[in-house]
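Undergrad: Spelled out, the chains give:
There are 2 protein chains.
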Amino acid sequence: MKATFPLTELPVIQAPMAGVQGSELTIAVCQAGGLGSLPCGMLSAAQISEALQTITAATAKPYNLNFFCHRMPAFDAQRQARWQGVLKGYFAQFGAEPDSSAGGASRLPFSHEIADVVEPFAPPVVSFHFGLPAPDLLQRVKGWGALVMSSATTVEEARWLEAKGADVLIAQGLEAGGHRGMFLSDDVTTQVGLAALLPQIVKAVSVPVVAAGGIADPLAVKAMRLCGASAVQVGTAYLLCPEATTSALHRRALSSERAEHTALTNVFSGRPARGIVNRVMRELHYLNPQVPDFPYASAEISRLRALAEQGGSDDFSPLWCGQNAHGCREAPAAQVTRWLAGV
Amino acid sequence: MKATFPLTELPVIQAPMAGVQGSELTIAVCQAGGLGSLPCGMLSAAQISEALQTITAATAKPYNLNFFCHRMPAFDAQRQARWQGVLKGYFAQFGAEPDSSAGGASRLPFSHEIADVVEPFAPPVVSFHFGLPAPDLLQRVKGWGALVMSSATTVEEARWLEAKGADVLIAQGLEAGGHRGMFLSDDVTTQVGLAALLPQIVKAVSVPVVAAGGIADPLAVKAMRLCGASAVQVGTAYLLCPEATTSALHRRALSSERAEHTALTNVFSGRPARGIVNRVMRELHYLNPQVPDFPYASAEISRLRALAEQGGSDDFSPLWCGQNAHGCREAPAAQVTRWLAGV
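Protein chains in written order, with my numbering: chain X, 1 to 343; chain W, 1 to 343.
Isolated chain X, as found in the complex:
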């Protein structure tokens, strides 16, 4: 029999945040009594294995591994070339050119090869973004005894995920930072604020529901639980913790008034994700129809980001952030976790 969700002492899940954290944050949250998460979407199999060894050596508490489970589209050289054309002027400002040989994808979906590496660890919780993996792969994960979570951004997605076997749903309000988990539609007008989404998902499904998006203080945590959430998932509030690997530029933006204006953009990866508005988001109009499919869009912009960051500019950096940065605290993750939980 499965233990009662959320398995942890405190009803707080630290949101997996690829690119701004490794196992150090995961461990700190787990040790504090929350559910720490490790984002695996941008890690190689070897890196995942290493992180798992680190986590399991450091804590005996439950933890969560997060994977993307998008279907990889075929690489479209023509589309990529057109996107390089869009970015050409930016490269020129750095005396550089788009790399026509680029196209390697830094984000790979969950696979049997990755499952081979994870299996010996039998992780207590596995969460997916962008739906669920293929049935055989999902069954393999459930066979380990892992609790499977996935994000629903609409009531329709919630019903779909429950029907396909998710054990726990994360109601991802559109306030949330980072990538939208949306997978049944690519129309961002379908995305719903948490205050409206949570009660509707709680009503529509019978599995436990986690509230995510813009939650940044203990009262909000309490309020979401009152509305039927079994736990909350919080990301942004952890971004200034010493255990996060958030860059200095990103930390500066989070601590400034700029964090009051975030927007959904697809220019960093090809899929809509929320970050603090910066130059490239504004100039490419946030949601640009010319962007290559996820995850191929990231190749060129990552080079521009590196070039700009060398000069101290975040013009091309993904400054992931939810719609409430007021919970960000320069404090150990354990402290943030217990503060959020009101203990």
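No lab work stands behind these hints: they were computed from the structure.
Treat the hints with care, as some may be off.
Heads up, the list lumps identical chains together, so a pair's fine if it works in one copy or across two of them.
DMTMM-like mimics (lysine to aspartate or glutamate), calculated; alpha carbons at most 25 Å apart, straight line [what the hints assert, rightly or not]:
(1) K88 / D315
(2) K88 / E309
(3) K61 / D167
(4) K142 / D116
(5) K164 / E260
(6) K61 / D116
(7) K222 / E330
Quick caveat: nothing in here was measured; it's all calculated off a predicted structure.
Starting from the known structure of chain X, arrange chain W on it as the hints suggest.
TA: This is chain W only, laid out in the frame that chain X set:
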């Protein structure tokens, strides 16, 4: 000395909804112990006077009068003609043509002429949408002893409204149906979900804050109050009440699965407003840059609406609705009010 906000027995404000309600809904909510609102933005001075006589004859309880306070832009014949060009194909389907003499605006801002009519009634509460009226006009309203409310869609707008003299702020989450109250920016990416907006506004100002947007059940009301809201403002949940004048087509859409997908659109009025997605919203891409300035956009689309509705179609109807229609009940407004308040 002013009475304690919200002046009423119950912390529930019925959102003013121009076009789908008159004084009957206002009165029913007031009598039930909530704060009933009368939307005056589409009424003539004579109609406002008549409604005020009806309300004050029916109830001695506090009520709220709501006005738009946009600045009227100059009528732009060229822009209007271009918009008529966009709509020409639709008119042709009804064997009709855009009316080149059209351009009358059905929504006029609050003015001294309207204040002359309102003054003798000394309304207990006056709320504004799109900011606040000019200082002399605002002072005149405050001189009656009226409590002045206005909607803030961002933290910046909240600070602005408090500084300019609003007594109460309505934190309008982007879940809300109908017109966005936004007035410091016309960039919809600035708009924030209620779960993120409310705590930030409560923290930023010292006046009472009302939570609005997607609130549709008693638990959500409780949750918002826990997060610091003095009261809630609810619109959508009243749309099926017998006291509302919601059309049969609109009621049907609200009761169907279609209500799960709403979007912000400017095609009905020139300003972003949330309604159930229908043909004209989809085909004109929700936020169309060619639309005439508010309120001039409504002239042509109102004619198309009338033509389509004659044939039982809501293809051109503004089906205003927030992101949670699950609270809609075919029940008297008094019952909805008390249910929301949890009494």
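Undergrad: For every hint, state whether the structure bears it out.
TA: Against the structure, the hints come out as follows:
no.	hint	result
1	K88 / D315	within (15 Å within a copy, 42 Å between copies)
2	K88 / E309	within (18 Å within a copy, 50 Å between copies)
3	K61 / D167	within (19 Å within a copy, 50 Å between copies)
4	K142 / D116	within (14 Å within a copy, 70 Å between copies)
5	K164 / E260	between (37 Å within a copy, 21 Å between copies)
6	K61 / D116	within (22 Å within a copy, 69 Å between copies)
7	K222 / E330	within (23 Å within a copy, 31 Å between copies)
The earlier numbered hints are all upheld by this structure, with none contradicted.
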